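Engineer: Listed here are the chains, written in short residue letters.
There are 2 protein chains.
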Amino acid sequence: MEKAQGFQVILVEDAGKRKAYAKITSEVLRYSTDFFHRKGFVQLMPVILSPITDPLGPDPGSSVIKTGEIEYLGQRLSLTQSMILHKQLAVKEGVEKLFIISPNVRLEHPKRGKSGKHLFEFSQLDFEIAHAKKEDVFALMDEFVRGVVEHTRVACREEFAALGRELLEFDGAFPIYTTHELKEKFGEDWETVASLAHKSPFWAVCHKREFYDKEDPEEEGHYLNYDLVYPEGFGEALSGAEREHEYSRIVGRIGKDMLDAGRYEAYLELAKEGLVPSAGGGFGIERLVRYLSGATHVGDVQMFRRVPGEAVVV
Amino acid sequence: MEKAQGFQVILVEDAGKRKAYAKITSEVLRYSTDFFHRKGFVQLMPVILSPITDPLGPDPGSSVIKTGEIEYLGQRLSLTQSMILHKQLAVKEGVEKLFIISPNVRLEHPKRGKSGKHLFEFSQLDFEIAHAKKEDVFALMDEFVRGVVEHTRVACREEFAALGRELLEFDGAFPIYTTHELKEKFGEDWETVASLAHKSPFWAVCHKREFYDKEDPEEEGHYLNYDLVYPEGFGEALSGAEREHEYSRIVGRIGKDMLDAGRYEAYLELAKEGLVPSAGGGFGIERLVRYLSGATHVGDVQMFRRVPGEAVVV
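Here the protein sequences come in this chain order: R and S.
Using the working numbering, the letters of the first sequence map in sequence onto residues 545 to 858.
Using the working numbering, the letters of the second sequence map in sequence onto residues 545 to 858.
If you are wondering where the hints come from, they were derived from the structure by calculation, not from laboratory data.
Check the hints yourself; a few may be wrong.
One copy or two, it doesn't matter: identical chains are merged, so the pair holds either way.
[To be verified] Below, computed lysine-lysine pairings styled on DSS-like, alpha-carbon distance capped at 25 Å:
hint	residue 1	residue 2
1	Lys641	Lys610
2	Lys729	Lys677
3	Lys743	Lys800
4	Lys641	Lys563
5	Lys727	Lys561
6	Lys658	Lys610
7	Lys729	Lys561
In this text, all values refer to a predicted model and were calculated from it rather than measured experimentally.
All chains should be modelled from the sequences, with the hints used to inform the complete structure.
Structural biologist: Written as structure tokens, this is what we have:
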């Protein structure tokens with residue numbers, strides 16, 4: 545009985561809202577696919593299992609409790625945490641502008657279930673551009689965010705009305721801050737506070753992060769990376785960077801992060817042959833839908849809820 | 545050294561062909577997404593991990609050696625083998641026409657690596673329509689296949705020329721045969737032989753298959769399901785069916801197939817509340833790209849090769 549009610553809470557209650565979220569998700573996927581094709585990007589297939597995947601941050605206190613792994617015919621394969629390394633390899637193969645609608649599995653600590661913005665399974669639209677700089681990504685995403693807002697405002701008029709959601713209008717380019725500035729103004733945990741203080745999306749640049757984010761060659765300890773942050777408290781939209789592409793720098797950064805270089809053997813062999821400089825990023829589809837629709841929790845917009853710490857029904 | 549050469553064979557040799565396959569894949573994804581949106585389908589997010597997934601056939605000699613599984617916070621979760629059960633649940637939630645670009649993991653026996661058409665990881669475009677009959681799916685796919693051929697013929701002219709591929713033209717509706725007819729004419733293993741004997745795609749109807757394919761209520765042992773088969777030896781394109789939606793019939797079929805009903809507990813609870821009659825199907829993106837581009841092996845069209853029995857490099 546309790547279980548049957550559990551199914552109801554997750555799958556049937558608020559069927560109207562669930563249909564509205566499904567429609568908004570659908571229109572976001574439609575617009576996103578069309579936008580990146582129109583801009584000349586090649587759409588790649590996702591990778592689900594690979595010997596290599598994104599290590600997700602040098603932080604030993606990272607909230608991902610383990611990488612999902614299976615064994616198949618004697619090989620240990622990891623579930624994709626992000627396609628960053630595969631994006632670099634595809635650029636090396638000559639696909640100079642690419643995107644993937646990429647399912648990511650990140651087995652988060654159950655405490656993350658309360659953040660409102662974490663899932664253990666979601667999809668990001670992950671893109672990469674050969675020879676690009678961070679300013680190219682800023683311009684692209686500025687146009688994309690305005691475009692998806694305009695598209696869904698028209699295509700999902702009824703759904704937004706049913707959800708009682710009115711997006712704040714925003715004009716002008718999205719402001720750009722360093723994380724140093726944001727920490728000074730909003731404290732160490734600046735993301736939600738700064739997001740609440742804004743009506744427009746904004747960029748936060750220069751974090752210490754994963755080994756593949758390029759360190760500023762002119763300023764050690766500074767990084768050519770960026771997050772796009774939604775306003776109104778919805779927090780991180782996208783994270784991305786210009787990439788480390790020189791073998792010696794990548795090896796040095798993997799060492800500094802105390803990662804097991806053996807796990808990246810094939811990637812490092814290929815990097816030794818020469819990667820191509822690139823910049824890119826990835827934004828979560830469900831977080832974008834949450835922002836557009838004003839949902840309390842990012843899990844609310846999923847047809848099949850995947851929130852850390854909650855039992856998975858189907 | 546041997547390993548370094550291994551990387552080269554898989555990632556670098558035929559870089560021109562690899563780029564051509566990537567471009568054709570991209571245009572197939574573009575056309576497919578646009579087509580199903582234009583037809584009024586709602587695009588859902590894929591599911592990667594779930595307590596339930598497609599059992600993939602009642603055959604104890606099935607070529608899938610195991611289901612990929614992980615443990616997360618005390619739950620056993622399976623990697624999606626197909627989204628069939630989730631499609632039925634989404635239709636029950638009121639999403640009456642839906643599609644998903646759905647990554648499927650099927651850990652095939654290594655012998656399947658030689659078939660030319662099997663991968664252990666691929667994506668299918670999986671769709672479902674409430675209250676539809678098989679004739680609705682035939683009409684939809686007829687239009688889709690002609691459309692994607694026309695679209696790629698124009699968008700990928702250079703790539704087809706580089707690959708030396710000329711698709712055979714086909715006119716008229718795709719012929720429909722029963723599997724009984726096909727077996728009589730082409731033998732027990734009719735698929736490849738019949739495919740080679742055709743210039744146009746054709747339908748094969750009425751197989752004994754998974755429990756969710758509807759048994760003909762007027763003719764026991766006959767099934768309201770269908771495969772679309774490519775010509776020129778490329779084999780199966782799509783498989784689909786009208787669905788069993790009545791709880792008692794589903795329970796009976798699961799029993800007949802000697803499956804562990806406990807694995808489908810949540811699905812069965814929801815089926816007890818009442819599923820909605822529907823029909824649908826799924827076609828593999830990589831197999832479609834293989835057919836369009838005339839590739840020898842479906843793995844050739846993957847940027848990151850996933851062929852059963854071959855070591856995975858990256």
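Engineer: Determine for every hint whether it applies to the structure shown.
Structural biologist: These are the hints, each one checked on the structure:
1. Lys641 / Lys610: neither (31 Å within a copy, 37 Å between copies)
2. Lys729 / Lys677: Neither, since 27 Å and 61 Å both go past 25 Å.
3. Lys743 / Lys800: neither (38 Å within a copy, 59 Å between copies)
4. Lys641 / Lys563: Between copies, since 12 Å is at most 25 Å while 34 Å is not.
5. Lys727 / Lys561: Answer is neither; intra-copy 37 Å and inter-copy 49 Å both fail.
6. Lys658 / Lys610: within (19 Å within a copy, 34 Å between copies)
7. Lys729 / Lys561: neither (37 Å within a copy, 53 Å between copies)
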